[in-house]
Amino acid sequence: MLYNEPSPLEVKILTRRFGLPNSASIDTYLATDGYKAFLKAREMTPEQIIEEVKASNLRGRGGAGFPTGMKWGFVPRQSPKPKYIVVNADEGEPGTCKDRLLMEHDPHQLIEGILIAALAVGARLGYVYIRGEYRYVIGIMDGAIAEAYERGWLGKNIQGTGFDFDLYTHTGAGSYECGEESALLESLEGKRGVPRIRPPFPAVAGLYQCPTVLNNVETFCAIPAILRDGGAAFAALGTPRNGGTRLFCLSGHVNKPGVYELPMGFNLLRMIHEVGGGIPNGKKLKAVIPGGSSCPVLRADECDLAMDFDSVAKAGSMLGSGGVIVMDEDTCMVTALWRIMRFYQHESCGWCIPCREGTTWLKNLMHRIHQGGGRSADIDLVGDVARNMLGRTFCPLGDAAAMPAISFVTKFREEFEDYIKRRSSPLAELVTLGA
Amino acid sequence: MTFSPELEARFEKLLKSYPPGRARSAVIPMLLYAQDELGSVTRELVEEVARRCGVTPLQVDEVVSYYSMLRRKPPGKHHVQICTNISCLLRGADKLWEHATRKLGIGNKETTPDGLFSLEEVECIGACSWAPAIQVNYDYYHGLTVEKFDELIENLRKTGVQ
Numbered sequence: 001m002l003y004n005e006p007s008p009l010e011v012k013i014l015t016r017r018f019g020l021p022n023s024a025s026i027d028t029y030l031a032t033d034g035y036k037a038f039l040k041a042r043e044m045t046p047e048q049i050i051e052e053v054k055a056s057n058l059r060g061r062g063g064a065g066f067p068t069g070m071k072w073g074f075v076p077r078q079s080p081k082p083k084y085i086v087v088n089a090d091e092g093e094p095g096t097c098k099d100r101l102l103m104e105h106d107p108h109q110l111i112e113g114i115l116i117a118a119l120a121v122g123a124r125l126g127y128v129y130i131r132g133e134y135r136y137v138i139g140i141m142d143g144a145i146a147e148a149y150e151r152g153w154l155g156k157n158i159q160g161t162g163f164d165f166d167l168y169t170h171t172g173a174g175s176y177e178c179g180e181e182s183a184l185l186e187s188l189e190g191k192r193g194v195p196r197i198r199p200p201f202p203a204v205a206g207l208y209q210c211p212t213v214l215n216n217v218e219t220f221c222a223i224p225a226i227l228r229d230g231g232a233a234f235a236a237l238g239t240p241r242n243g244g245t246r247l248f249c250l251s252g253h254v255n256k257p258g259v260y261e262l263p264m265g266f267n268l269l270r271m272i273h274e275v276g277g278g279i280p281n282g283k284k285l286k287a288v289i290p291g292g293s294s295c296p297v298l299r300a301d302e303c304d305l306a307m308d309f310d311s312v313a314k315a316g317s318m319l320g321s322g323g324v325i326v327m328d329e330d331t332c333m334v335t336a337l338w339r340i341m342r343f344y345q346h347e348s349c350g351w352c353i354p355c356r357e358g359t360t361w362l363k364n365l366m367h368r369i370h371q372g373g374g375r376s377a378d379i380d381l382v383g384d385v386a387r388n389m390l391g392r393t394f395c396p397l398g399d400a401a402a403m404p405a406i407s408f409v410t411k412f413r414e415e416f417e418d419y420i421k422r423r424s425s426p427l428a429e430l431v432t433l434g435a
Numbered sequence: 436m437t438f439s440p441e442l443e444a445r446f447e448k449l450l451k452s453y454p455p456g457r458a459r460s461a462v463i464p465m466l467l468y469a470q471d472e473l474g475s476v477t478r479e480l481v482e483e484v485a486r487r488c489g490v491t492p493l494q495v496d497e498v499v500s501y502y503s504m505l506r507r508k509p510p511g512k513h514h515v516q517i518c519t520n521i522s523c524l525l526r527g528a529d530k531l532w533e534h535a536t537r538k539l540g541i542g543n544k545e546t547t548p549d550g551l552f553s554l555e556e557v558e559c560i561g562a563c564s565w566a567p568a569i570q571v572n573y574d575y576y577h578g579l580t581v582e583k584f585d586e587l588i589e590n591l592r593k594t595g596v597q
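If you're matching them up, the sequences are chains Y and D in order.
When we follow our numbering, the leftmost residue of the first sequence carries the number 1, and every step to the right adds one.
When we follow our numbering, the leftmost residue of the second sequence carries the number 436, and every step to the right adds one.
No wet-lab data here; the hints were simulated from the structure.
Hints are not guaranteed to be accurate.
Derived pair list, reagent style BS3-like, types lysine-lysine, alpha-carbon separation capped at 25 Å [stated by the list, open to error]:
| # | chain 1 | residue 1 | chain 2 | residue 2 |
| --- | --- | --- | --- | --- |
| 1 | Y | 256 | D | 508 |
| 2 | Y | 156 | Y | 81 |
| 3 | Y | 12 | Y | 40 |
| 4 | Y | 191 | D | 508 |
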């Protein structure tokens, strides 16, 4: 099982079963308060469940940080159409590797969160959309779902409560874009993963054009604790309007990379130095991407920062999906941005022109600079192309490419100028990679 | 077209997991699970999946061309996928990639003449905190070094001979 040494600074709510023997089994789950929150929710009205989730200040853990209770509240429960629960387990944002662990170590926590969401909106059927590369995780989820059926926690008349719910896994097949909610729904319907125009939002017209609750794995996994201990208790763990804990994925230049559950608002420098054990070989911090590769980069002097949605937004970046990518003083920012731009160009679905053309231009410009053929005007051109994409694409993938581009060339402009002048950098060994 | 009994059982379960009239939802899982058995998405498979899901072969083809894991040609027996995205890059994935091309003597999306290994540079595989990471077929290998990579390849070569 994939696991890292826990840090004493962690507050383990969603990860409290990690490391227990057979943590993924239903027996372990039931022996540690499992499914009690569902039984409690069954005694509540849908309005009361949604109010409890609203009180928790839980915000979507996939990246956008939208308040979960509010999202559930948008589902028209009087609609005669069937309602669906869809779990976004298409974890693909570079720097993010937490949903995999939540499903691997504690799949029943996810199932219980789904069941509670189903009670809140009156759904009878749900899907866990898991990226295709996570084949072994699909196996674990399928096993847990089978256990839950056998023991009467899924299927008809769950635990004699009269509530029916069916749940299935659904594999993706390699597409970052399918982590975008409307593209995920297209994919789940058997089509290419291209986004839909919104409104209508999935809460009203989601899977098969029916009302759908669609949340990230970690969001659903927070629900059992919220119902069990109360929304207020969960909210109190974090900062105002940013309830609870979150799983931060520390990667890059830290001594102890890993996935750590910390309270919302935890200081970023402490996260790097005290949780992550500092930077290897006594190097200095240069920059951090705080929430997955689509988030604007922060310079070292901007990192004395509370890691919650609002504080990181105020600092000009985003908390995103919790992928904290740490870069030391020897990191070549041209190489880093070049690699990130290659990613977005590869993953653009090609549906809308600003993204399809924009990501290609950004990749080509960065390739030219990286290969030593850049012109000084290229730095502004990267910024111009990116700014012309911002807010003009069908879905957030265009912004996801534009935001790191603008932040890198603005905050590290001198390094880009120097690279172009020297046609290389003392920090970079020229690599060509595959494409 | 006939498949193994296990795959047929999986298909049957798959088609039951979507609401009536929504068999198209099974297209992508069916293609991927069938590809695992056949090695690639063949013309015959496209037509079979189309028939079973009640869509046209063209609707299946447009899916095959979109998703990066679906492929028209079979890879090597051990398909080595190296992530070079940012978190892995910061931990030396560039050097690992260059080493892998030399060690295997092939480039991106190429297969060794004996059909044992193929190599592909892939995007983030969700192993960022255990970087650099690779997948061989569906198996993850974390925290790789050049030495660990060589050891892995030699072990796989042995299983390939058997």
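Hint by hint, here is what the structure shows:
1. Y:256 x D:508: violated, 40 Å
2. Y:156 x Y:81: Since the Cα atoms of residue 156 (chain Y) and residue 81 (chain Y) sit roughly 20 Å apart, the hinted pair holds (cutoff 25 Å).
3. Y:12 x Y:40: holds, 22 Å
4. Y:191 x D:508: OK: residue 191 (chain Y) and residue 508 (chain D) at ~21 Å, within 25 Å.
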